[in-house]
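Number of protein chains: 2
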Amino acid sequence: MTQLQAARKGIVTEAMKIVAADEGLSPEAVRDAVASGEAVIPLNIHHTNCRPVGVGRMFTTKINANLGRSVTHSGKGDELEKLAIALNAGADFVMDLSVGEDIPAIRQGMLNASNRPLGTVPVYETISRLDGDIPQMDPAFLVSVIKAQAEQGVDFMTLHAGLMLEDIPKAMKRRMGIVSRGGSIMAEWMMANRAQNPLWERWDEIMDILAEHDVTVSLGDGLRSGCLMDGSDEAQFAELAKLGELVERCRARGVQVMVEGPGHIAFDQIKMNMEREQELCHKAPFYVLGPVVTDIAPGYDHIVTAIGATAAATYGASLLCYVTPAEHLGLPDGDEVHQGCIAYKIAAHAGDIARHHPHARDRDDQMAQARHDFCWDEQFALALDPAHARNRWLKTRANSDVDHGDDHCSMCGKQFCAVRTSKRIEKLATQTN
Amino acid sequence: MTQLQAARKGIVTEAMKIVAADEGLSPEAVRDAVASGEAVIPLNIHHTNCRPVGVGRMFTTKINANLGRSVTHSGKGDELEKLAIALNAGADFVMDLSVGEDIPAIRQGMLNASNRPLGTVPVYETISRLDGDIPQMDPAFLVSVIKAQAEQGVDFMTLHAGLMLEDIPKAMKRRMGIVSRGGSIMAEWMMANRAQNPLWERWDEIMDILAEHDVTVSLGDGLRSGCLMDGSDEAQFAELAKLGELVERCRARGVQVMVEGPGHIAFDQIKMNMEREQELCHKAPFYVLGPVVTDIAPGYDHIVTAIGATAAATYGASLLCYVTPAEHLGLPDGDEVHQGCIAYKIAAHAGDIARHHPHARDRDDQMAQARHDFCWDEQFALALDPAHARNRWLKTRANSDVDHGDDHCSMCGKQFCAVRTSKRIEKLATQTN
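Protein chains in written order, with our numbering: chain Y, 9 to 441; chain G, 9 to 441.
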């Protein structure tokens, strides 16, 4: 039984109880959210070392870290190290996007090491096994890979099932065409074979497999825009409408489902995009990449997209897929994975505050108190990256040649510390009254 | 004659012509914007090596880099190096916030080295010369420092003239009190002397000095919030209303004026804050610090505030004061100055795109074309930080053990490059028709 099927029957599962505890909600509230489809708990029945995580607007906003090696451009064997870095930095979900050889072995290693839900894009393994020959892909083989991954314990799978043959020409009008790796694979297969999307065609069969192992579908946005110029276009929204249909088919079969979204989108278009997904996709949790709000900052796309992701979290997204400083230039190393995760913890949290999620600001208020009181240890304990904050502060102290006291802000120095001065003012104000 | 006085007389100054050329506007349009007070061109008549820069909503959004050493916590003698880094990274304005000894000499060095407008907070020098004894400050001495700085060539000055004695108790109710360094100085002086704000009291005299040298006033927000909990409170808005009065007094005297703003403000409050400033301050250009949208990420406040700054630029700000990764922990070193500038170039640009500023997206569209065409050199030339982007890409190539070709994206590798695949799809699509 999937979490969705259980919820509909009124059953509160162990996973729901854990999510409820983590979110400060009642188990029944979580159950109801899962039953409605507005929340999902991606958790393959075989991934037994995984702690359940809820995705949905009634929960805190979650972040995902993409990992996995590429054929030509990644160091080998360090994916487990990056996984540890991502989990340590607070990633709620991870995806293995490896292509090339030994994918099942890499994935098994990550499943064993990850106590958080793991996702994949099965068509990557499929095409890797065909040595990159996309037109030759047998749809039955693709389904067999999905089945093997479901049996192995993958918690959620990106399936580009809503990219329709008839919508491909719309994407060909763009400056950047199709920039989704999975989307481009599906589209080439369709165009080369003059055939409809094989995932769409075999959807019922796929549903049976996923329901058996409670794999959550993440409906891929194969036609997401690859530059601002292409954002929010007819290709993107044609696919989104189809994803809405697939949401209903998933739910009808008891399969949990979320929807993936843009992409490169100007800052002012984000709210509209979030609202449209909620409307067209029947409030299925929205899982967004960025969005990228300018194309001119390669090397800093974690910042570029944290801006977009904050707006996305504010206006409708439930899960934010991180982007690292390496985006558009290479695959991230361990430090870049860390940087990406922190940028997205910031975005998720700032979004939760902005949408007035209950208690979201508590930690900020505690930080303010610690700053007011010059309690440096407490400030670092409350920081998203305690070691980094402490080290930077210690550097200031090491450079200081006058005063090593802790009773003032480390920027202005003791004599000019506004917080110190403010306390004197408070005393003066008290004397007046 | 100030730029404002000239504009009102229908004169197009040399500075207006340069701003017009930089902004792609007619000189008359710039003149009209300056005449209305909706734009300013901070440019002291003595700062002859300075290239004029326009601030206002009809121009692109500008960024400011804060520099200057503190008494206890900064390396000595490296402010000129940081200035060069800031200008090289694209800072449109710089401020010297030094406290301690030798401030006029530090400032003269920066004026000589900066071809961009330089700002100060004169009360810092004033109190430094009094060895930190705030209550003993003679208002006449403060005015004399303002005069000396104006004569030296300072282009704009932050004056916390709208922080009124009667509003201080409102700030004392907060968790963080007063966190503006200049604001806390003014407030302590007022409370210790039971006297009204000396800048407010001597405003006409100050106006005469500033008009003579065409120093632009930047009305300081001494009561800006220091944590999310304190954001958008009565203290902040009481001061903002007073700043609106001062805007009118500046304009009446022919003095250019802009207004400074928050601070720590939740993401969802930024639009309201921008609109309120435009309304209360008669459309004077808004110069904002951040805003900071969460308090829990010390070490990453350039990212935290780039998020807020993008929203600010979208909804009403004209000048963004950068925040560096060192914020809340120390004064920035050269690399942190660079990081802060780039984060704010991103925010300013993303905001310009979001508010549909004419041609704002052109460079992004060129980047998209360069990406589509795998023109790497052009991508780096278009990047906000070309050297950083190129170095990161070269690292990818150095790590690659298979294919050093340039005709594919450096993330997925040649076989899985979506842009390559997309081009094959385009070919297949053409064959259909």
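Some hints here could point you the wrong way.
Since the list gives no way to pick one copy over another, a pair counts as held whenever it fits inside one copy or between any two copies.
[Stated by the list, open to error] For lysine-lysine, the following BS3-like pairs were computed, each having C-alpha atoms within a straight-line distance of at most 25 Å:
1. Lys431 - Lys178
2. Lys250 - Lys181
3. Lys431 - Lys181
4. Lys155 - Lys279
5. Lys25 - Lys181
6. Lys422 - Lys181
None of these hints come from the bench; they were simulated from the model.
Within, between, both or neither: lysine 431, lysine 178 at alpha-carbon 25 Å: Result: close only across copies, 14 Å inter versus 63 Å intra.
Homo-oligomer pair classification [lysine 279, lysine 155; C-alpha up to 25 Å]: Classified as neither; 36 Å inside a copy, 48 Å across copies.
Alpha-carbon proximity context of lysine 431 and lysine 181, limit 25 Å: between (62 Å within a copy, 12 Å between copies)
Within, between, both or neither: lysine 25, lysine 181 at alpha-carbon 25 Å: neither (48 Å within a copy, 40 Å between copies)
Intra/inter-copy verdict for lysine 422 and lysine 181 if alpha-carbon distance must be at most 25 Å: between (61 Å within a copy, 23 Å between copies)
Copy assignment of lysine 250 with lysine 181, given that the CA separation must stay at most 25 Å: within (20 Å within a copy, 54 Å between copies)
Hint check: violations occur at hints 4 and 5; the rest are consistent with the structure.
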